[in-house]
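Numbered per my numbering, the sequence shown spans residues 1 to 400.
These are computed hints drawn from the structure, not numbers from a lab. Wrong hints could be hidden among the right ones.
To be verified - With a straight-line cut-off of 30 Å between C-alpha atoms, the simulated DSSO-like cross-links for lysine-lysine are:
{"#": "1", "residue 1": "309", "residue 2": "258"}
{"#": "2", "residue 1": "228", "residue 2": "248"}
{"#": "3", "residue 1": "202", "residue 2": "299"}
{"#": "4", "residue 1": "55", "residue 2": "112"}
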Amino acid sequence: MSQVMKKIDDRENVLKIYTLGRFLVKRGDTVLSDQSHRSYRLWELFQYLVTNRNKSFLPESIAENLWPDNDYSEPRQAVRTQICRLRKLLKDEEDDSEYISFVQGCYQWNNKQKIWLDVDEFERLYHLAKAKEDDNYLQAIELYYEAVSLYQGEYLPGAMFNEWVIPVRNYYRNLFLQCVVDFANLLKKHERYAEIVDLCEKAVLIEPYEEELHTKFLEALLATGKIKKARVHYEYITSLLYREFGVKPSQELLNIYKRIQAKSIAASEEMAALQQDLAEEKDDGAFICSKEVFRSIYKLERRRSDRTKQAVYIGSISPAVAEKQGLRRNKVMDDLEAVLSKTLRKGDVVTRWDEAQFALILPGVDEKQAQTVLDRIAKQFKAFHDIKLKMKALPILPDE
Numbered sequence: 001m002s003q004v005m006k007k008i009d010d011r012e013n014v015l016k017i018y019t020l021g022r023f024l025v026k027r028g029d030t031v032l033s034d035q036s037h038r039s040y041r042l043w044e045l046f047q048y049l050v051t052n053r054n055k056s057f058l059p060e061s062i063a064e065n066l067w068p069d070n071d072y073s074e075p076r077q078a079v080r081t082q083i084c085r086l087r088k089l090l091k092d093e094e095d096d097s098e099y100i101s102f103v104q105g106c107y108q109w110n111n112k113q114k115i116w117l118d119v120d121e122f123e124r125l126y127h128l129a130k131a132k133e134d135d136n137y138l139q140a141i142e143l144y145y146e147a148v149s150l151y152q153g154e155y156l157p158g159a160m161f162n163e164w165v166i167p168v169r170n171y172y173r174n175l176f177l178q179c180v181v182d183f184a185n186l187l188k189k190h191e192r193y194a195e196i197v198d199l200c201e202k203a204v205l206i207e208p209y210e211e212e213l214h215t216k217f218l219e220a221l222l223a224t225g226k227i228k229k230a231r232v233h234y235e236y237i238t239s240l241l242y243r244e245f246g247v248k249p250s251q252e253l254l255n256i257y258k259r260i261q262a263k264s265i266a267a268s269e270e271m272a273a274l275q276q277d278l279a280e281e282k283d284d285g286a287f288i289c290s291k292e293v294f295r296s297i298y299k300l301e302r303r304r305s306d307r308t309k310q311a312v313y314i315g316s317i318s319p320a321v322a323e324k325q326g327l328r329r330n331k332v333m334d335d336l337e338a339v340l341s342k343t344l345r346k347g348d349v350v351t352r353w354d355e356a357q358f359a360l361i362l363p364g365v366d367e368k369q370a371q372t373v374l375d376r377i378a379k380q381f382k383a384f385h386d387i388k389l390k391m392k393a394l395p396i397l398p399d400e
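Please work from the sequences and hints to get the whole structure.
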């Protein structure tokens, strides 16, 4: 823990504001922020002032920027009412702290008040770590660890569609990516590859589509001899980028693939086939993948569902074929896989979970639509075999 952060932690009455991956305002053990509908505008105003803490605003400008759909007859009074509520809520009984100032007809955040703000601490730690790389790399590593641990996700995720948040959100996102890249480069310089694996594994959960993080992760896996894991992750990231964006592997990823291939001669034919499949895969139908890739996509979809509140269903399908009918069951499963590939949509994900069961991920459907999908599969499958299918679909639970 940095000395500045320790000093702030020692002051129990200091106002702490968390904005990365969540929104939380607390003083000591008391949480002040309330996400209920009744206080939504109050905390939206708070977020606006903190985000623009080096600017001042006329009340009319605040009302127009935050609540453009409301035609206030007295916008100054509407903003003043919210400011008064906010000041009262933030007031510390132990002193006369005033967090919001009114100067020359404008409201602004009072930067003279001591607070702890995660984005300020994150940025401070990153720049300090960068400056320490040459003269004290061990301290730099410690500072980098503190910095990346603060970045729990995008800036103010609850204000997803507010235009005034977007530039700031992009700024901290890019700063986080640069921080991870610089940290990984420092660790590589001192051959601490296992730590790069751990760093990038966590970073790609936050930024799953950032290719540079995946390339550094793959390079570190190869350096630590984890060839199988590198091969699985290469398959995952190339299929993910193709499925989501129609993007084929970049030259950098292809170069890493060649290194994986060179280190795993036994798997070279399999990987060459994979490379060909990725290059020729048509942009339609369900995505058939291995269990390892399925698990990774499941985690990604669960996080996305938690963030966007859009339903995602996971299903299972098993043909009612006795275990002793081994050869027939294999034929039935092959035919069922063909039906799934043809019947399901682009974006749906399928894996053969075991010898007698398929698992599915169905994004963007509700309970009724998920059942319709299962019924359609059963109907198509009946044209091949008069065998009952055991099927069910349940919503993916949010990540806790």
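Evaluation of the provided hints:
{"no.": "1", "hint": "309 with 258", "result": "violated, 40 Å"}
{"no.": "2", "hint": "228 with 248", "result": "holds, 22 Å"}
{"no.": "3", "hint": "202 with 299", "result": "holds, 12 Å"}
{"no.": "4", "hint": "55 with 112", "result": "holds, 14 Å"}
When held up to the earlier numbered hints, the structure conflicts with hint 1 and nothing else.
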